[in-house]
Amino acid sequence: MNTMKTSRTRTPSPFPRHRGRARTWRRGAGIAVIVVMLAILNIAVLGSVAASGDESHVGAMRLETIRAFYAAESGAVITVRLTMQGLELPGPGDTLEVSYASVEFEQVPATGQAGDIVIIGRSGTAQRRVRVTVDEP
Numbered sequence: 283m284n285t286m287k288t289s290r291t292r293t294p295s296p297f298p299r300h301r302g303r304a305r306t307w308r309r310g311a312g313i314a315v316i317v318v319m320l321a322i323l324n325i326a327v328l329g330s331v332a333a334s335g336d337e338s339h340v341g342a343m344r345l346e347t348i349r350a351f352y353a354a355e356s357g358a359v360i361t362v363r364l365t366m367q368g369l370e371l372p373g374p375g376d377t378l379e380v381s382y383a384s385v386e387f388e389q390v391p392a393t394g395q396a397g398d399i400v401i402i403g404r405s406g407t408a409q410r411r412v413r414v415t416v417d418e419p
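Quick note on numbering: the sequence shown equals residues 283 to 419 in the working numbering.
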């Protein structure tokens, strides 16, 4: 048998030879886009968490401020009632503990005399001062 070798001509492929490299490049670009999107999402979440932390701190400070004010106001009511009834007033520096707050009588005139009564209400780190003027008992 006499066989002759013939050269075969290749028909051009509709797919380029570098097709695998292009697919890898696209896959790498897709991963990069996903990583960037996750980073942006992470920054947005961290920003909202930090903002909510600040808001909760502000809310806690408001609560302490209100408690301190009500404590000072309660001290003022106590001194006004004692003055109206002619009873002895607390001395300067005396403190009174109420729930979640304290009342300090900073300045108190002598019993039966006119003057200013200064009361400090404290709750946590908040402090409020109330001044009551007593004309004549």
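No wet-lab data here; the hints were simulated from the structure.
Note that the Cβ used here is the ideal one computed from N, Cα and C, for glycine as well.
Hints should not be assumed to be uniformly reliable.
Claimed, not checked - Cβ-Cβ distance ranges computed for the label pairs, FRET-style:
(1) Asp336 with Gly397: 19 to 27 Å
(2) Met343 with Gly373: 29 to 37 Å
(3) Val331 with Ala311: 42 to 50 Å
(4) Val380 with Ala326: 41 to 49 Å
(5) Ser381 with His339: 50 to 58 Å
The hints, checked one at a time:
no. : hint                           : verdict
1   : Asp336 with Gly397: 19 to 27 Å : violated, 43 Å
2   : Met343 with Gly373: 29 to 37 Å : holds, 31 Å
3   : Val331 with Ala311: 42 to 50 Å : violated, 31 Å
4   : Val380 with Ala326: 41 to 49 Å : holds, 44 Å
5   : Ser381 with His339: 50 to 58 Å : violated, 22 Å
Hint compliance for this structure: hints 1, 3 and 5 are broken, all remaining hints hold.
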